[in-house]
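Asker: Sequence:
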Amino acid sequence: MNILEILKRTRVFQKSLKRRGMVLIQDIVVNHVGNYFRFKDGKFELNKDSIPTSAPTQFPFNMNNYNDPEQREMNVYHWTPDITNYSDLHQKLYYQLSGLDDLNTENPLVREALKDSYNFWIREVGVDGFRVDTAMYVPKDFWDDFFNGENGVMKQKRNFIAFGEAWLTSPPLDDSAEKEIESYFEHGFNAMLDFPLCEEIRRVLKGGKPTSWLAYRIERRNETLRKGLLVTFIDNHDMERFIRGTDEKTLKMAIAFLMTLPGIPVIYYGTEQSFEETRASMFASGWGSGGRDHFEKGSMYEFIKSAIGFRKNHTATRYGTVKTILSNKEGAGLLVYKIEDEHETLIVVMNTSNDERIRVYSDAFPEVEEVFSTGRKAQMIIQQDSTVFRVPPKSLTVYKVLSETSGKQPPDLNLKLNAEVNVGKEKVIISGETNGKKIFAYVDGMYRAIGDKIKLESGKFSYTLDPYRIGPGKHFVVLKVYGSTPREVLYSKELWFEVSIPIEKLSEVTDPLNDDYGPFGKYEYPTDITFKRQMDIVAAKVERMGPNLILWIKPREITTSWNPPFGFDHVSFQIFLDDPRKDGKSILPFQNYVIEDWDYEIFITGWSSAIFSSKGADERKFGTQLGSPEVLTTDGWIKIVVKGEWLGFPEEFTGWKIYITTWDYDGVENRFRPLEEEPKAYIFGGGKETDPYVMDDLWIKIEK
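So the sequence shown is residues 1 to 704, counted in the UniProt record's numbering.
In short, the hints are calculated from the structure, not lab data. Hints are not guaranteed to be accurate.
Claimed, not checked - Derived pair list, reagent style PhoX-like, types lysine-lysine, alpha-carbon separation capped at 25 Å:
no., residue 1, residue 2
1, Lys377, Lys312
2, Lys8, Lys140
3, Lys493, Lys437
4, Lys701, Lys505
With the sequences and hints as input, model every part of the structure.
Answerer: Pasting the structure below:
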C-alpha cells in the first residue's frame, strides 16, 4: 500500500470518527527510528538483518551511514553506543535506546523535518492530538521549538492535545517522578501519561501493597492537575496486561478506580474481552486471535460500559479534588476517599484485600446514597461519633453525599475499654469492660460473620493474641458489642499496637558457578550483548521474621540495561515453596517441567513481583495471586520478602522446601523468552520449544 492510499484511508477513518463524536490521536516518535545501525566495540556497523532496507527512505533520515564522510558530517543521528546507565542524563538523551537509532534533535535540519512530517497529518487528515513516544529521552528545549516555535505543532490547530510518554515511577510515598513529569508542562506539553499512578495501582490493587501508598498518590495528583492534564491507564502495549495473574474482580476494581479519578482514562483494547496476551489481535486474521474475531459483549464489556456511564453522570470524577479519608499503612485493605467539585461530593470505598474488612473512622458521616459499585456493596454504619465501614473483598462502592448531617442515633450501649494494650514477647492482651451481652474481636480489620468471641465475666473481658501468629509491624483490633437484641450493636474505636519480632536465619547454600546451561547442559544465552550470565545462581539464604519469610538470591551478574525499577534485568526467578502440611501441584507453569510438589510460586522480574497459590495453576497458567512480595537489590543480592498471611501464617518452616529456577521473561510480549535450536538476539538456543525453561536451579530444605 502506497502513501496516497494510506492517506485516503486515514481521511475516511477520521470522518467516521467525527460522525461518532470521537477524535483521532496519532502516536508519534521523534527520539529515534528503527535499528538500522549500531556501534560495537567502538566500530560502526549497519544492521545486516534490517529488512527490507538498511536505512529509512525519507530524507534526511536516510543519511545514516557513519562510514560515509558526507552523511557523518550531516549529523542526522547521534553517533553513540547503546545506553548502559539510565541514571546518566547524557547517555539518556544522546545514546541509543535499546539499539534504536537516536535522532540528533538539536540539528535544525532534523527539527524542521520532524515538524513538517507531523504537521502534514494535522493539515491533511485533521489529526486532533499526539501521543508522544519516549519523550523523556529527548532534550527538553527541542519540545519548546517543536510545539511553540516557528511552524510549531500547537499553531496548526486549536484545542490540540499532546501527551508525552515519560515512563517514570516514584517510590512509595515519594513524588520524584511527578516532579519530573510536571516539568514537561513547561516545555509545550499540555498533558502527560500518568505512569506513577499506573504503577501504584498495580502495586496496591494487584500486588497487595499498603493502600496508604495509593492514598498518597491520588492526593499528590491534585497538584499536578493544576498544571496540566493527566492520561490515566492500568496497562498498555508495553507492559503485562493488568488481568494477567489476577481475576476479573480485581480488574473491575481497577477500572472503576480509574473512572473515579480526574484525568483522561484510557482503556487498552481487548480489556473488555479479558485478553491476557499483551498484543493479541481482536481481528480473526491478526496475531494471537485464535483465528476468530473478538467483539463479544460479555460481562466485562458491559461492566466497562456501565463504569463509563457512571463517570459521564458525575462531574466530580472529571473536575473534582481528591482527599483521603481512610487508608491502610500495613498492607492490603481499605481505601476511602472523597472527590468534590462545586456540584457534588462523592465518597469512594474500596477494599483491595481478599477478605471482607472492617475499619472504624473517628467521625460520623453525613447522609449518603450508593450510586455505583463493582458488585457486592460496602456498608457504612454511622454511629454518633464514628463511622464503621464493612467492605466486601476486591470491591469498590461509590456514594453520593445527600446532606451534611446524618441524624442517626446509636443504641443505648456503653462500651468501656481500658486504654491499655499490653504487648509482650509471648502475647498481646486487650482488656476492658462493657454492659453489652456479647463481644467479638476482629484483628487487622479481617471481618468474619462471627469473629473471635470473647468471654464476658460480670461485664469484664480479656482478649489474648499470639504475636508470632500475626507477625511483626503495626496491628489493630476492633471490638463489636451486642446488646439485648441483634439490632443493638456498637463498634469500638480501632485499638492499635505494634509487634517486634527478631530475624532468624534458617538456611544458607551455595551453587556452582558456570552451571547455567539448562538441565541437559546444552542451553545457550540469547546473543544480544546485554545478556551476561545473569541467570547463574551463586548462592541463596533464607530467613524468617515470625510468619514472614525472607529469601536472598545472589546471581553471578546483575545488570540494568533496560532501567528496571527493582534493580536487575535479563533474569526472572520462578521460586516454588512446598509446605509439608499441604498437597499442591507438580507441574511448573510455563516451564515444561515437573517437581514432586509445590504450594506457592513466587514470580519475580526486574519490573514486577507476584506470589501465587497452586490453586488453578497448570502448564499454561499461573495459580491464584495472593500478593506482591517486596523486592530489593543490594550489594549483589536480591532480597524477597514474603508475608506470612500469604502462606497461611505458618508457626514454623521446618520441613519446607524451596526450589529456585531462572529464565528470562519478555514483559512486552507477555511470555517467557522462547527456546530454539539456535540462539538469536532474544531467543535461547540449544533446545526446543517443549524442553524445560530452566537455565539454572537450586534446592533448599529448611531443617529447623
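Asker: Each of the hints needs a verdict: does it hold here or not?
Answerer: So, going through the hints one by one against the coordinates:
With a C-alpha separation of about 21 Å, the suggested pairing of Lys377 with Lys312 holds against the 25 Å cut-off. With a CA separation close to 34 Å, the supplied pair Lys8 and Lys140 exceeds the 25 Å bound. Pair hint Lys493 plus Lys437 holds up; C-alpha atoms about 19 Å apart against a cutoff of 25 Å. For a cut-off of 25 Å, the pair hint linking Lys701 to Lys505 stands: about 13 Å separates their Cα positions.
The structure shown violates just one earlier hint, number 2.
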